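Using the sequences and the accompanying hints, generate a full structural model.
So the protein lines, in turn, are chains X and U. Take the first sequence: its position 335, counted from the start at 1, is 335 in this note's numbering, and no numbers get skipped. Take the second sequence: its position 21, counted from the start at 1, is 21 in this note's numbering, and no numbers get skipped.
Everything labelled a hint here was simulated from the structure, so no lab data went into it. As the structure is a computational prediction, the values presented were derived from the model and not from experiment. Treat the hints with caution; some may be incorrect.
[As the list claims (entries may be wrong)] Straight-line distance between alpha carbons at most 27 angstroms, and here's what the computed DSSO-like set of lysine-lysine pairs gives:
1. 136/X to 51/U
2. 76/X to 404/U
3. 2/X to 119/U
4. 383/X to 396/X
5. 311/U to 226/U
2 protein chains.
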Amino acid sequence: MKFSEFYAPTKRDAAKQDSVNAYLLAKAGYISQVAAGVYALLPLAVRSLQKIEQVVREEMNSIGGNEVVFSALQPKSTWEKSGRWDDENFRQIVYIDQDADMTFGATHEEPMSIAVKEKVQSYRDLPVILYQFQTKFRKELRAKSGLLRGREFRMKDLYSFHPDNESHHEFYESAATAYLRVFKRLGLDAYRVKASGGVFSKEYSDEFQVICPTGEDEILVNHKTKTGFNKEVEADISVAEKDKLERVKAIEVGNIFHLGSKYSDAFDLKYLNKDGVRKSIVMGSYGIGITRLLGTISELFHDQNGLVLPKQVAPFQAYLIDLTNSKDGVGLYNTLTKAGFEVLFDDREMPAGAKFVEADLIGIPVRLVLSPKTKAENAVELKERSSDTSTVVLLKEVSKVLEKIFS
Amino acid sequence: MKFSEFYAPTKRDAAKQDSVNAYLLAKAGYISQVAAGVYALLPLAVRSLQKIEQVVREEMNSIGGNEVVFSALQPKSTWEKSGRWDDENFRQIVYIDQDADMTFGATHEEPMSIAVKEKVQSYRDLPVILYQFQTKFRKELRAKSGLLRGREFRMKDLYSFHPDNESHHEFYESAATAYLRVFKRLGLDAYRVKASGGVFSKEYSDEFQVICPTGEDEILVNHKTKTGFNKEVEADISVAEKDKLERVKAIEVGNIFHLGSKYSDAFDLKYLNKDGVRKSIVMGSYGIGITRLLGTISELFHDQNGLVLPKQVAPFQAYLIDLTNSKDGVGLYNTLTKAGFEVLFDDREMPAGAKFVEADLIGIPVRLVLSPKTKAENAVELKERSSDTSTVVLLKEVSKVLEKIFS
Numbered sequence: 001m002k003f004s005e006f007y008a009p010t011k012r013d014a015a016k017q018d019s020v021n022a023y024l025l026a027k028a029g030y031i032s033q034v035a036a037g038v039y040a041l042l043p044l045a046v047r048s049l050q051k052i053e054q055v056v057r058e059e060m061n062s063i064g065g066n067e068v069v070f071s072a073l074q075p076k077s078t079w080e081k082s083g084r085w086d087d088e089n090f091r092q093i094v095y096i097d098q099d100a101d102m103t104f105g106a107t108h109e110e111p112m113s114i115a116v117k118e119k120v121q122s123y124r125d126l127p128v129i130l131y132q133f134q135t136k137f138r139k140e141l142r143a144k145s146g147l148l149r150g151r152e153f154r155m156k157d158l159y160s161f162h163p164d165n166e167s168h169h170e171f172y173e174s175a176a177t178a179y180l181r182v183f184k185r186l187g188l189d190a191y192r193v194k195a196s197g198g199v200f201s202k203e204y205s206d207e208f209q210v211i212c213p214t215g216e217d218e219i220l221v222n223h224k225t226k227t228g229f230n231k232e233v234e235a236d237i238s239v240a241e242k243d244k245l246e247r248v249k250a251i252e253v254g255n256i257f258h259l260g261s262k263y264s265d266a267f268d269l270k271y272l273n274k275d276g277v278r279k280s281i282v283m284g285s286y287g288i289g290i291t292r293l294l295g296t297i298s299e300l301f302h303d304q305n306g307l308v309l310p311k312q313v314a315p316f317q318a319y320l321i322d323l324t325n326s327k328d329g330v331g332l333y334n335t336l337t338k339a340g341f342e343v344l345f346d347d348r349e350m351p352a353g354a355k356f357v358e359a360d361l362i363g364i365p366v367r368l369v370l371s372p373k374t375k376a377e378n379a380v381e382l383k384e385r386s387s388d389t390s391t392v393v394l395l396k397e398v399s400k401v402l403e404k405i406f407s
Numbered sequence: 001m002k003f004s005e006f007y008a009p010t011k012r013d014a015a016k017q018d019s020v021n022a023y024l025l026a027k028a029g030y031i032s033q034v035a036a037g038v039y040a041l042l043p044l045a046v047r048s049l050q051k052i053e054q055v056v057r058e059e060m061n062s063i064g065g066n067e068v069v070f071s072a073l074q075p076k077s078t079w080e081k082s083g084r085w086d087d088e089n090f091r092q093i094v095y096i097d098q099d100a101d102m103t104f105g106a107t108h109e110e111p112m113s114i115a116v117k118e119k120v121q122s123y124r125d126l127p128v129i130l131y132q133f134q135t136k137f138r139k140e141l142r143a144k145s146g147l148l149r150g151r152e153f154r155m156k157d158l159y160s161f162h163p164d165n166e167s168h169h170e171f172y173e174s175a176a177t178a179y180l181r182v183f184k185r186l187g188l189d190a191y192r193v194k195a196s197g198g199v200f201s202k203e204y205s206d207e208f209q210v211i212c213p214t215g216e217d218e219i220l221v222n223h224k225t226k227t228g229f230n231k232e233v234e235a236d237i238s239v240a241e242k243d244k245l246e247r248v249k250a251i252e253v254g255n256i257f258h259l260g261s262k263y264s265d266a267f268d269l270k271y272l273n274k275d276g277v278r279k280s281i282v283m284g285s286y287g288i289g290i291t292r293l294l295g296t297i298s299e300l301f302h303d304q305n306g307l308v309l310p311k312q313v314a315p316f317q318a319y320l321i322d323l324t325n326s327k328d329g330v331g332l333y334n335t336l337t338k339a340g341f342e343v344l345f346d347d348r349e350m351p352a353g354a355k356f357v358e359a360d361l362i363g364i365p366v367r368l369v370l371s372p373k374t375k376a377e378n379a380v381e382l383k384e385r386s387s388d389t390s391t392v393v394l395l396k397e398v399s400k401v402l403e404k405i406f407s
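As structure tokens, this is what we get:
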């Protein structure tokens, strides 16, 4: 991509924001604020989010997930039927249309249950595992954390339907493992944290938390086992276990729940087992905050000059600057692009210094600089964003070096 | 994909629907109705829509489009500022939250103008070309046409910002050509149809219409030039031209507009030209209905047994049925999948006849059947969905034959 044709409204001085991620992402031209907790995602963010979604998609497919896209519009009656409308905490966060009895999806347990009822009759039709990338709407009162807590946000939510607790438990564990794979692939060191089952279940649920000083959660973690406990279950921890734990601030990037038969009973979602007996379906729900992940990564990976994004998440792989008055920059850009690398070529007419500043701000992993000096050597300067030192690489070797970095 | 792990709730008897597309897509397990004009998109539809979006994405990128995702939530004040809130027709279709002064995006001219104001100062910053795949919300009173007219629907909308009418006109024509490429790639024979510029402009706008007996538009078309006129501009047609036209029913799948400076003036979106003079930015808007395209294709491509989807849009390329009691089906499935083909392998325990019925209903372009007879010949029966005859293909030749069909 040539920067002259690319839309990335970086700012020299961004307005102060409530959070590090909102400030950095706005300054680096990733997002533009529409209202409190509401952001427009600009091309740099869209590219990063597409990569995050693809990682999540692959891992959800690997555990048998089927991708769907349910509607945001949901009749109010749906929530009344499940009893959730009686929950004041829930009702307060749901957007509802002025006159149409229509709500805007804050979550999707109910609509998924209704849809699956069309399909499931016998044990042969189970399990059903559906997930979606969906825009959720929630009237957050404290929408002050950039992409960490928005009133409109992107989420991967998965709902699973099983014949009994045992088969749900098996899936639950495979999903937990898939979640850990997702976070690892995105460069995040996530802890599996025990939490209460909430109102749905007597069992525990699990949160996936990333340690971060600006996180709004406070949890106890065991660094050796990469597990932990959230506040709700602290009373249940044994003394011996307690000694191994450290209290840390963290950001919740995912959660998984046993739902039991709460929703399937509300919607009379049953099946006939092998003996012809009508049984309740057992459900689970599994969330990952997609935009929140980009927010979390921005909170964690930056320095005084801007973002330092992990390779798997950065919108481009290389940022190319040409300081020579030649066509060498275009040539290298074309070569690398044809070889399949994602290069942002800063072909704009502006001072070299400003380009260096923007390269650092946007946080692309590799910076390539063609200078009169390297040109004489048929080479280019290569600097990784996360490193202080640069190396000179022969032009004919650049692809090989990049391949190694991104392998 | 093995059908036993795939979620496609096909129906023997689907409820009567208001439209052919809603009936067929529900029966074939692509969609599930949530409310009037609101549908959950199930895995078959998601796969088709992802293919449609990818074609549109490639063509929008080819004319310099930058992909963004703006928010659905938009403060009511945004619409007041542009004056659109005073337009009763517009106000009636917008969803607005009960207490929050927040609307749910019916369109995005205003928010895009506001965001671009952050970036554009001089002629050097122009043009700006932004597009998105976005869920739109509109309170349609007559939401009776399945995916053709929903209250929640998926749309590609592009907004372009130019220094003057001339440069906008140039882009407008390149976009029109890109639109025709999109529809052609999706197997649609679209006409470029002149329409009035609406309230925004004295110039004409263009609609892209596909002839369809169940379409809700009535237009005049010239089959030779693949152009036409909609009702609004019929009075302007010369007598000589009129002779060449036929009156047909059609579905509008895209439209492109000159917006002039209506929105840029409302939001004081100006730039400094080369002479340092402050000038109004000229805008255009460009829409393609993504879910509507799937609806249109379903209206057009079907027979008495179900959908007959074009190769570029079908959720899978081949539907594999194994009538032998062997592992040959799994083997062929693995071979084809590894070779990169998208195969739906019907591995369910159910009568062969029912599988044939579902294969026809879902409308995947190629059906492959392994039978005891073809097994003896190390071959498979291959039938194209759009054809009445089948051929026997040696197993080792299947990849080559499929490659030819899908090239």
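Hint check:
Between residue 136/X and residue 51/U the CA atoms are separated by roughly 24 angstroms; this keeps the pair inside 27 angstroms, and the hint holds. Between residue 76/X and residue 404/U the alpha-carbon distance is near 51 angstroms, which puts this suggested pair outside the 27 angstroms criterion. Proximity of residue 2/X to residue 119/U is assessed by CA-CA distance (about 17 angstroms); at most 27 angstroms being required, the pair is judged to hold. Taken as a hint, the residue 383/X and residue 396/X pair is honoured in the structure, with Cα atoms around 17 angstroms apart against an allowance of 27 angstroms.
Pair hint residue 311/U plus residue 226/U holds up; C-alpha atoms about 23 angstroms apart against a cutoff of 27 angstroms.
The structure fails hint 2 only (numbered hints given earlier).
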